[in-house]
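Participant: Chain by chain, the residues:
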Amino acid sequence: MSHIKTKTDGQVLEIKVDRPEKLNALSPQMYDDICLALGELDRNDELRVGLIHAEGKHFSAGVELDKWAPIFAAGKGFPVPAGGIDLFALSGPRCRKPVVMAVQGYAYTWVVEMLLTTDVRVAADDTQFAMLEVKRGIYPCGGATLRLPQQMGWANAQRYLLTGEAWSAAEAHRTGLVQQVVAPGEQYAAARALADRIAAAAPLGVAAILKSSRLAHAEGEAVAASQLFDDMPRVMASDDAQEGVRSFVERRSAVFKGK
Amino acid sequence: MSHIKTKTDGQVLEIKVDRPEKLNALSPQMYDDICLALGELDRNDELRVGLIHAEGKHFSAGVELDKWAPIFAAGKGFPVPAGGIDLFALSGPRCRKPVVMAVQGYAYTWVVEMLLTTDVRVAADDTQFAMLEVKRGIYPCGGATLRLPQQMGWANAQRYLLTGEAWSAAEAHRTGLVQQVVAPGEQYAAARALADRIAAAAPLGVAAILKSSRLAHAEGEAVAASQLFDDMPRVMASDDAQEGVRSFVERRSAVFKGK
Amino acid sequence: MSHIKTKTDGQVLEIKVDRPEKLNALSPQMYDDICLALGELDRNDELRVGLIHAEGKHFSAGVELDKWAPIFAAGKGFPVPAGGIDLFALSGPRCRKPVVMAVQGYAYTWVVEMLLTTDVRVAADDTQFAMLEVKRGIYPCGGATLRLPQQMGWANAQRYLLTGEAWSAAEAHRTGLVQQVVAPGEQYAAARALADRIAAAAPLGVAAILKSSRLAHAEGEAVAASQLFDDMPRVMASDDAQEGVRSFVERRSAVFKGK
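Protein chains in written order, with this note's numbering: chain A, 77 to 335; chain B, 77 to 335; chain C, 77 to 335.
Please keep in mind that the hints were generated in silico from the structure rather than gathered at the bench. A couple of the hints might just be wrong.
A pair holds if it fits inside one copy or across any two, identical chains being indistinguishable in the list.
With a Cα cut of at most 20 angstroms, we get these calculated EDC-like pairs of lysine to aspartate or glutamate [to be verified]:
(1) Lys98 / Glu326
(2) Lys152 / Glu297
(3) Lys81 / Asp94
(4) Lys152 / Asp307
None of these values were measured; they are calculated from a predicted model.
This is chain A alone, in the form it adopts within the complex:
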């Protein structure tokens, strides 16, 4: 039985890490299952947003190192299952839809690395983030070396990467890693509310934003600027653009169809 539970609720695909009896330790099978869920989120036209969360007092205390050791030792990277999307966003395509994430308690190693690939994040105020690898004789290989300095600032990130020390939800908020800090137990509902607001936004617009922002990040402002208007004619001609104007004139919330 899988420890990754998925549920479609409205246009949100909820992905739950559900192995609290082992502090949600990540197995290779769980890695596969999350990748496959992201693949489904990407392909399924009914889905607009992903929401990653975890059962229990802690998001996860880390990975099942004995099961991962041979994979790390092979030095080939994470083996992404067919139809899946790498949850560490190190190889292959990205999911074209936004992902919101909620964390609580221990949020160690792979949790931080998955968090760094998501788009909006909520933390319970008891969250303890840590990259413990240098205390275990190894180094992070899920993307923290690439993204933590970029998202948290060089020296803020190196302080935690190089010492293995934990940081708090408040520090994560201060440095931009999470957008909202709530009482323990409320992180799922807060993240769900954010996911719902994104699901209510115009899907073509949301997709164009993610695409342009990622292109700017990967290839620089000039390249992204040169492609900024590529999606505009189609989006301006969409039903949703008309609904946007109509709803504004009629002073009501728009109802978008992604067409």
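Go by the hints and put chains B and C onto chain A.
Facilitator: Just chains B and C now, with coordinates in the frame of chain A:
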């Protein structure tokens, strides 16, 4: 009659958005006029700094969408007038002189995108920033997808880009978008004070800083490092470098000429 | 006699700027001596971390401009001594080991530029940071134009670069430049404690983190992602990786050898 008023005061070119009766809605003509003002700032040797501000309780509630719709639908980008500099800095050269900006009240869509191209920023504490496009069925095409994640942090930016929700002056300050928050009505004076301090600085030094910082941003540290000393011989031989040393020895403020 | 004192204590190389009678003004000779110390840190297998600090009430009020003027005027950059590593990280290789830095009092011009090349930083709460160049008729040529906007945010950095105004330790902490602010006089001990924690971490892991993070910064996420596992087989096969697992099972701190 134009809704963009320019005024030269000392060595500062003030550019005022002045259409409060329409909440300073941006028309294509106003876009042209701001671009032309930036072109003048760039060319005129008497000018050292630009200052962008707006008349009224709000900076702007957005653009005149009906007038812009055909331009967006054409998908060719913003048509920059001859002699002008794109106020969204998406195509063509940048203004080589710094620009300070003051905002208040509604600072929606294009205001945020213009702000992101400026160098120092002041906000009244009643400012409400928002990228509303996804609530109107479209997406931002003035550079926010490129620059908001870069300047505010990935997930901070996506939270607002993907939901269309507003953020406060305090949040803008916390995340680095603005440098100073003041009482409503004081934003112009505070921005003017900052512009005056830049205008008093050595113009050759100021130009070299902007040039080097932009190069590093566009092409990376290594390229910028390799060109860092290119302007040094000329600047070290300038009258202003001598005035810098003299004023230091004489314990007075330097008076620079840009030569 | 050199004004740069080095001391090996445990596995930390302490590099002290020791010219308080001249407010630690940087001479070309002192530049050479710091570069040589960084070269030693890089080469010496017994050393794991560098710690840069300064004697006296102030870290430094700036450089001995009369001695540097001919070097700047030549426009060829900083002449790095043989066996040394450029303390401004503008040319040549980087030191492969982390550097922690402690600052206090005046931290002007070159101090900020050296700080920007280090990995973890502590400031006394009386620290005044400033890039004074534009008040002296010149511009910063030690890397601040490249790195201050990247590490502090574009507009936060330009506010200080373009005006020459000072900023506080609190502002440096708020914007990510320093990680810890302590009472004056305690900055050395706080930085030393951080250096000790890094020295206790797995050296192969620490080296792999710095290498990957720098590659991502210099060449982007995709390039760094493609090389992320290159060091993994060797690190997973190291004695330290075994010690990491053993110490975890035995619930004790690991003792790493860098092998």
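Participant: Starting from the hint list further up, note which numbers the structure goes against and sort them upward.
Facilitator: none
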